[in-house]
Every structure is written in structure tokens, then in C-alpha cells.
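Asks: One-letter residues, chain by chain:
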Amino acid sequence: MSIKHEVLNGIDLTFLSGRIDAQSAPGVNEEIGKIIDEGRNKMLINFKDLEYISSAGLRVLITIAKKLKASSGALALCGLDTKIYEVFDVSGFTAIFKIYDTQEEALAALGD
Amino acid sequence: MSIKHEVLNGIDLTFLSGRIDAQSAPGVNEEIGKIIDEGRNKMLINFKDLEYISSAGLRVLITIAKKLKASSGALALCGLDTKIYEVFDVSGFTAIFKIYDTQEEALAALGD
Amino acid sequence: MDKTLTLPATLDNLESFMALGRDAAVSCGMDDGAVHQVELALEEVLVNVINYAYASSPDQAPEQDQTPAQETDQPVELCCTCEDDHSLTITITDRGKAFDPLDKPDPDTNLSVEDRAIGGLGIFLAKHMMDKITYERRRDKNILTLVKNNKE
Amino acid sequence: MDKTLTLPATLDNLESFMALGRDAAVSCGMDDGAVHQVELALEEVLVNVINYAYASSPDQAPEQDQTPAQETDQPVELCCTCEDDHSLTITITDRGKAFDPLDKPDPDTNLSVEDRAIGGLGIFLAKHMMDKITYERRRDKNILTLVKNNKE
Ligand SMILES: Nc1ncnc2c1ncn2[C@@H]1O[C@H](COP(=O)(O)OP(=O)(O)O)[C@@H](O)[C@H]1O
Ligand SMILES: Nc1ncnc2c1ncn2[C@@H]1O[C@H](COP(=O)(O)OP(=O)(O)O)[C@@H](O)[C@H]1O
Chain A
1 MSIKHEVLNG IDLTFLSGRI DAQSAPGVNE EIGKIIDEGR NKMLINFKDL EYISSAGLRV
61 LITIAKKLKA SSGALALCGL DTKIYEVFDV SGFTAIFKIY DTQEEALAAL GD
Chain B
1 MSIKHEVLNG IDLTFLSGRI DAQSAPGVNE EIGKIIDEGR NKMLINFKDL EYISSAGLRV
61 LITIAKKLKA SSGALALCGL DTKIYEVFDV SGFTAIFKIY DTQEEALAAL GD
Chain C
1 MDKTLTLPAT LDNLESFMAL GRDAAVSCGM DDGAVHQVEL ALEEVLVNVI NYAYASSPDQ
61 APEQDQTPAQ ETDQPVELCC TCEDDHSLTI TITDRGKAFD PLDKPDPDTN LSVEDRAIGG
121 LGIFLAKHMM DKITYERRRD KNILTLVKNN KE
Chain D
1 MDKTLTLPAT LDNLESFMAL GRDAAVSCGM DDGAVHQVEL ALEEVLVNVI NYAYASSPDQ
61 APEQDQTPAQ ETDQPVELCC TCEDDHSLTI TITDRGKAFD PLDKPDPDTN LSVEDRAIGG
121 LGIFLAKHMM DKITYERRRD KNILTLVKNN KE
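From first to last, the protein sequence lines are chains A, B, C and D. If you count the first sequence from 1, position 6 lands on 6 in the working numbering, and the numbers rise without skipping. If you count the second sequence from 1, position 101 lands on 101 in the working numbering, and the numbers rise without skipping. If you count the third sequence from 1, position 107 lands on 107 in the working numbering, and the numbers rise without skipping. If you count the fourth sequence from 1, position 9 lands on 9 in the working numbering, and the numbers rise without skipping.
Each hint should be verified, as a subset may be incorrect.
[As the list claims (entries may be wrong)] Cross-link-like lysine-lysine pairs, in silico, DSSO-like; alpha carbons within 30 Å at most:
| id | chain 1 | residue 1 | chain 2 | residue 2 |
| --- | --- | --- | --- | --- |
| 1 | C | 151 | A | 66 |
| 2 | A | 42 | C | 127 |
| 3 | A | 66 | C | 127 |
| 4 | A | 4 | A | 67 |
| 5 | B | 67 | D | 151 |
| 6 | A | 83 | C | 97 |
| 7 | D | 104 | B | 83 |
| 8 | A | 98 | A | 34 |
| 9 | D | 127 | B | 66 |
| 10 | B | 98 | D | 97 |
| 11 | C | 141 | A | 83 |
| 12 | C | 104 | A | 48 |
| 13 | D | 151 | B | 83 |
| 14 | D | 151 | B | 48 |
| 15 | D | 151 | B | 69 |
| 16 | A | 98 | C | 97 |
These are calculated hints, taken from the structure and not from any lab test. Computed from a prediction, not measured in an experiment: that's the story for all the values here.
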């Protein structure tokens with residue numbers, strides 16, 4: 001599991017790669033939590049290099065979504081492959097999250 | 001397990017690194033066998049990056065030693081750490097092989 | 001034949017169990033998608049054993065316990081059996097408190113972000129990913145059996 | 001508590017067994033040197049089971065067999081138990097032909113290169129690296145028990 005973070009046109013862009021399982025999820029929660037705690041509230045998470053996510057990862061995402069909702073922030077996701085999309089779909093997360101195919105589309109939507 | 005091979009003053013110098021176990025030993029046997037089959041017969045094997053050797057590795061070494069003996073070649077070893085030296089010692093290999101602390105000493109001895 | 005692994009129920013051992021489960025699914029001829037589904041279900045079930053089975057009070061995470069599972073007797077056993085290449089049967093056995101995960105009602109997946117609970121998706125996902133899950137309490141053991149059929 | 005792993009007796013599975021044995025030795029408090037000795041003995045014993053226990057004729061390597069061990073019932077079980085941090089007990093159990101490795105005479109380690117056999121060192125090394133080895137045939141099983149004491 002590794003996390004890369006950059007700021008692009010005022011939007012916090014986070015790349016997740018590898019596996020988010022019960023072992024790695026707490027680290028992801030902490031990293032992204034830090035960004036939100038700094039008061040940043042436009043966030044895009046790019047999943048294109050993510051291979052696997054379990055409920056421990058979904059837990060992190062819903063936590064982030066709640067925090068950003070509370071601070072009137074915006075969150076978008078992009079690059080989910082079919083396996084990960086299935087997990088989102090079953091969990092009802094496709095209705096909760098704004099999900100885009102590509103980073104460009106997601107950035108454009110967040111930029112508005 | 002990885003093998004590096006170079007020729008130095010007419011001596012074939014082979015570096016073994018990692019672990020020689022029952023799984024990797026056949027590959028080592030093949031690599032070094034090739035060199036001997038080309039008619040090369042002055043060989044130094046440097047063990048300094050070798051972490052582990054089991055009887056499957058000792059089997060390879062005795063095979064090489066027999067081949068080089070048959071072709072009136074010379075074989076020296078160097079860089080054995082204490083754990084590997086123990087394995088050699090128990091097996092009686094310290095009496096069969098010419099073992100030197102450093103590569104320099106071994107090269108000097110083979111050069112004579 | 002059966003592939004089995006028994007280790008203390010700790011997060012540190014999760015990856016060893018996952019490696020065995022993955023390997024069993026692959027060598028049973030599952031395609032990528034099915035291997036992924038098996039992995040996910042297996043993780044969910046194992047993590048629940050790790051988090052809850054041996055916790056001293058209900059819903060208490062094991063972090064609050066005094067003794068790590070290595071030193072006490074808190075094993076979890078994984079057993080994977082490929083049935084003639086047409087299905088994979090995985091059993092997860094622990095000696096923790098009796099708990100039937102199939103009794104838990106499914107979460108409401110239609111709630112808004114604000115109303116959704118954090119968590120509560122593990123068992124639900126496992127059920128979705130497998131073709132059959134059964135629970136059995138035998139003596140002091142919880143035995144959860146997951147079955148995944150090979151697509152023809 | 002016990003850590004156990006059961007897998008088909010194939011070379012592919014050697015590393016999984018080795019990882020468990022190494023982990024058990026480390027978590028039993030062995031120092032580097034002792035962990036190495038346990039590793040070596042364990043590999044020697046496992047490789048013999050892989051190479052010989054299920055071979056169809058004595059001394060015939062399993063490559064000549066028709067069916068790979070995965071598909072038939074050729075398991076090997078590794079069980080590691082740390083006794084109060086003062087010793088590690090490892091049992092290796094297979095269902096192959098009866099074979100007591102302790103019956104084998106030690107090789108002559110004083111022979112010259114020309115006279116030395118290629119091989120024949122595995123059991124000898126295992127015996128040297130461990131504090132105690134016992135063999136038992138129980139029903140259709142070979143059970144080899146290796147014990148390594150922790151240095152004080
Ligand atoms: N083995 C178990 N023993 C006791 N309680 C359990 C066990 N597994 C799950 N639970 C309970 O069931 C609940 C739902 O589990 P799950 O669906 O995996 O979601 P989560 O673990 O994210 O809460 C857990 O919060 C826990 O209270
Ligand atoms: N599990 C086993 N079943 C049958 N024969 C065995 C078994 N293990 C070892 N042997 C026999 O004992 C011999 C000596 O074994 P070992 O000392 O490990 O050296 P090596 O395997 O290099 O020959 C083997 O060559 C084999 O003939």
C-alpha cells in the first residue's frame with residue numbers, strides 16, 4: 001500500500017496504490033485525515049493503481065466523506081477498476097460517492 | 001538467489017547471493033556447470049552475499065569440485081560467514097575446499 | 001487435498017492466511033474475478049475473528065486486551081478444499097465466543113452519507129462474494145464455511 | 001500456541017513452510033544463529049518428504065510420478081510449538097512410505113572429493129542443528145519431531 005499526495009489547482013489529489021486491507025487501512029485513514037484536518041476540503045482520490053479494497057478501506061472512505069460533508073467540502077473518486085467498482089456497488093457506495101472514469105473528468109467536476 | 005559471473009586475470013569469479021536452497025540449487029548448478037563445460041577451470045566462488053545454504057547447495061558444490069578435479073582445475077571459495085562456515089565444517093567441506101577469508105587472498109592463491 | 005493453516009488470531013498473521021486462500025483459489029482454477037471475491041470474503045471473516053472472537057466483552061476490540069494472542073490460546077484455523085475443480089470450500093474455525101454472523105441483519109445500503117454507519121459492511125460483503133456461507137457452533141468452536149463455485 | 005500448516009508435499013510449497021518455521025523460531029525468542037539452525041534442519045526434513053516420501057519406488061524422485069502432489073493426497077503437515085520460551089518443538093508429519101531417517105548411518109565426512117558421495121548430508125545436518133530428533137510411525141503416518149532449546 002502506498003499513498004501519494006499532491007495539490008492541483010487547489011484540489012487535493014491523492015493516489016492510492018496496492019491494497020487497502022485491515023492492515024493498511026489505519027495508515028490511509030491517518031494520512032488523508034491529516035489533509036482534512038489542515039482545513040483542505042476539495043479532494044480527489046485516484047484509484048487507478050489500487051488493486052484491492054476490503055470493508056476496512058470502505059470504513060476509511062465513509063469516514064472521510066462524513067468529515068468533508070461536515071466541513072461543506074467536496075470529494076470525488078476516479079479510476080476504479082471493475083473489481084473495486086463491484087465492491088462499491090454492493091455496498092451502496094456508488095450512490096454516496098461522486099465517481100468518475102478519468103482524473104480529468106473528476107478534476108473538471110470538482111473545479112466547478 | 002542471484003548469481004553474478006566475471007573473469008578476472010583468467011580466473012572465473014562467481015558471486016552467489018541470497019539463499020541456495022532446494023528450490024534455487026538446480027539453477028546454480030546449471031549456471032556454474034555451463035562455465036565448466038566451456039572448459040574454464042580456475043574458479044573462485046565468492047560467498048560474501050550468501051545468506052543461507054542447505055544440503056541442496058552443498059550437493060552443487062561437491063558436483064563442481066568433482067568436475068574441476070577431473071579436469072585438473074582449481075577451485076577456491078571465499079567470504080563465508082560464520083553460519084555458512086558451520087555448515088561446511090559439520091559436513092567436512094572445510095577439508096575438501098580451499099577456503100579463504102577475502103577475495104584477494106583467494107585470487108592470489110589461485111593465481112600461483 | 002486440504003490446505004490448512006493455524007495461527008494466532010492477530011492482524012500480523014492476516015497476510016499469511018490471505019496468501020493461502022489466494023493460492024487455493026488460483027490452484028482450484030478460479031479466474032481473476034473469482035479469486036478477488038474469495039480474497040475479499042476471506043479477509044472479512046478473518047478480520048472479524050481477529051477483532052471480535054476473543055475480545056473480552058462484546059464489541060470490544062482486542063487492543064484493549066492485556067495479552068497478545070500469540071501468548072494465549074487464541075487460534076484461528078483456515079482450511080481450503082478444492083472439490084474436483086468445480087468449487088472451493090473454505091472453513092474458518094475459532095474457539096472464541098459463540099457468534100453467528102448470518103444472524104446479523106444486512107446494513108441499509110440506501111442511506112445518505114450522514115446516516116450511514118461507519119463499518120458494518122464486512123459480513124454483508126462476504127455473503128455477496130460467496131455462493132454459500134454456513135455457520136456451525138460445535139463444542140467450543142465457531143465454524144464458518146464459505147463456498148465458491150467455479151464458473152463453467 | 002501451536003502454529004500449523006498443511007500443504008501438498010511439493011517444492012513449490014517449501015517457502016511457505018519455511019516462512020512458518022522461521023516465524024515460529026523468531027517468536028520463540030531464538031537468536032539469529034539458532035533461527036538459522038532451525039531453518040536448515042527444517043528444510044532438510046521437508047525436502048526429504050517432498051523428494052522421497054511419496055515416490056513410487058525407493059529412491060525414485062517424484063518428478064517421475066504421473067500426478068502432481070496437489071491433485072493426489074500427498075500432504076505434509078508442519079506444526080511448531082514454543083514451550084514457555086525455553087524450547088521450540090517442530091513436528092513434520094506425512095502419510096508416505098514408512099521411513100526412519102534416524103536409522104541412516106552418518107556419512108563419512110573425512111573422504112576426499114573423489115570418494116565423497118553427491119548428497120547424503122541432509123539428515124546428518126538436521127541432526128547436528130537440532131538438540132533432539134525423534135521418529136515415530138503412527139498408523140499410516142511418519143512423524144518426525146525436532147526440538148531446539150533456547151540458549152539461556
Ligand atoms: N467473530 C465475532 N464475534 C463477535 N462479534 C462479531 C464477530 N464478527 C462480527 N461481530 C460483530 O458483528 C458486527 C458486524 O461485523 P461486520 O459486518 O464484519 O462489520 P464491522 O466489523 O465493520 O463492524 C461487528 O461490528 C461485531 O460487533
Ligand atoms: N522420507 C523419506 N522416505 C524415503 N526415503 C528417504 C526419505 N528421506 C530420506 N530418504 C532416503 O535417505 C537418503 C539420505 O537422505 P539425506 O541425508 O537427506 O540426503 P540426500 O537427500 O541428499 O540423499 C536419501 O537419499 C533417500 O534415499
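Asks: Decide, hint by hint, whether the structure agrees.
Replies: Quick rundown of the hints versus the structure:
1. C:151 to A:66: 39 Å, violated
2. A:42 to C:127: 35 Å, violated
3. A:66 to C:127: OK: residue 66 (chain A) and residue 127 (chain C) at ~26 Å, within 30 Å.
4. A:4 to A:67: Distance ~20 Å between residue 4 (chain A) and residue 67 (chain A) Cα, so the pair holds.
5. B:67 to D:151: 41 Å, violated
6. A:83 to C:97: 33 Å, violated
7. D:104 to B:83: Holds: residue 104 (chain D) and residue 83 (chain B) sit about 25 Å apart, inside 30 Å.
8. A:98 to A:34: 22 Å, holds
9. D:127 to B:66: Given pair residue 127 (chain D), residue 66 (chain B) holds - Cα atoms ~26 Å apart, limit 30 Å.
10. B:98 to D:97: Status violated; Cα separation ~40 Å.
11. C:141 to A:83: Violated - the C-alpha atoms of residue 83 (chain A) and residue 141 (chain C) are around 33 Å apart, more than 30 Å.
12. C:104 to A:48: 33 Å, violated
13. D:151 to B:83: 16 Å, holds
14. D:151 to B:48: 27 Å, holds
15. D:151 to B:69: This hinted pair is violated, its Cα atoms lying about 41 Å apart.
16. A:98 to C:97: 40 Å, violated
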